[in-house]
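When we follow numbering that gives the first Met the number 0, the leftmost residue of the sequence shown carries the number 0, and every step to the right adds one.
Simulated from the structure, these hints should not be mistaken for lab results. Glycine included, every Cβ here is placed at the ideal spot set by N, Cα and C. Watch out, some of these pointers could steer you wrong.
Stated by the list, open to error - Quick list of in silico lysine to aspartate or glutamate cross-link-like pairs, DMTMM-like style, CA-CA up to 25 Å: (1) 271 / 308; (2) 284 / 196; (3) 318 / 334; (4) 190 / 36; (5) 134 / 170; (6) 318 / 204; (7) 190 / 327; (8) 134 / 22; (9) 287 / 327; (10) 190 / 280; (11) 271 / 321; (12) 284 / 314; (13) 190 / 170; (14) 271 / 204; (15) 284 / 198; (16) 287 / 147; (17) 284 / 321; (18) 134 / 334; (19) 190 / 321; (20) 318 / 267; (21) 134 / 147; (22) 287 / 196; (23) 318 / 280; (24) 318 / 298; (25) 284 / 204; (26) 287 / 298; (27) 287 / 36; (28) 190 / 314; (29) 134 / 96; (30) 190 / 298; (31) 190 / 292.
Unchecked claim - For each label pair, taking beta carbons as the anchor points, the in silico distance ranges come out as: (32) 83 / 243: 54 to 60 Å; (33) 205 / 168: 54 to 60 Å; (34) 315 / 243: 25 to 31 Å; (35) 231 / 139: 19 to 25 Å.
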Amino acid sequence: MSGGNSESGSTATSLAPSSSPSETIQFYSYPQALALELLLPILRLQLPISNPIYNRFQAPHNTPDRHCLFAATFPPNSQPIPEIYTIVFSDRSRRNETQIWAFNSLSNPIYQDPLSPAQTELLTTHVSSLLTFLKNTVIPEAPGHPFDPTLYLGCFHSRITSTLVSLPSRDPSRPLITYNSAWNHFIVPTKTPSLLESEPIPPPEPFSVTRVLASHLPIVISTSSIPRSVANLMLQPSLGLLAPDGSLVAWAFIGLDGSLATLYVMPEYRGKGLATYVARELVRKLGKGGFADMGYSGDSGFVHGDVYEGNTASERVMKALEGRIVGEISYMRLDIDAW
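All chains, full assembly: derive it from the sequences and hints.
What follows is the structure, encoded as structure tokens:
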């Protein structure tokens, strides 16, 4: 059951008593403009740990026709903001790409491991209430509605992931979590003096620098282990290297959530430092506002990189960019019909 809040412009969703083993927490839907006005400054205070959802809130892909969902566990007129809160972004129309980003303030490292029993119980209530909110929130105007029951969760902090994994399926015939992939989460600063005060570094001979063009995208998509769409890649900041014959040999993109994504070097050109060059120049340009024309201000001051444990080549690139591991995150798929 939902009701409008005429003063704030938000919508409150009341959760069914059975939505968690204990109590529930109410989520409030925000109109997009109000979310950017009120929630974005709160997320900014949590940088860099909130970098994924902070950037996802601002992505130029969030056009009105997509009917993206912005919500929090407090209403717009809430003063003061509660110490423990959850903020969520969802675009279910993205089908088999990442749809949902969420941040809970217990992800902040000021809360030391392990969380106390009271904190763990509170986080469980937040996470279970989030699932019920997502299940109960229907947006028939969104492209692709009605949606597949699979939720694609992106860059979820390990504390939220652990909580999700602990929740039981409510349908014995189907698991709640259908996919869970853990990655080391690197944070890379984009506004260090060494980047902001530097000029573009010429590419190694005999290559030339380019933005990745539409004609290059078939090779980009075919070499990615993660589903990518032409429409989304064309709207993302990118940098590539061209061989003298015009073929693309190395490339990287800035993802919708401020991630350093789709970094790749063709096998025959590896071992020449091209990955580090492409990544550094892309990050430097983002930090200096070089993609503002595409709607990417780079104002968070960070990008993040998600790297599999043991991927030494990607780890070297992150460290060359002055990146540091701040924890572990997961990309997950969840069957909401099992909740």
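- Query: For which of the previously enumerated hints does the structure constitute a violation, in increasing order of number?
  - Reply: 3, 9, 13 and 16
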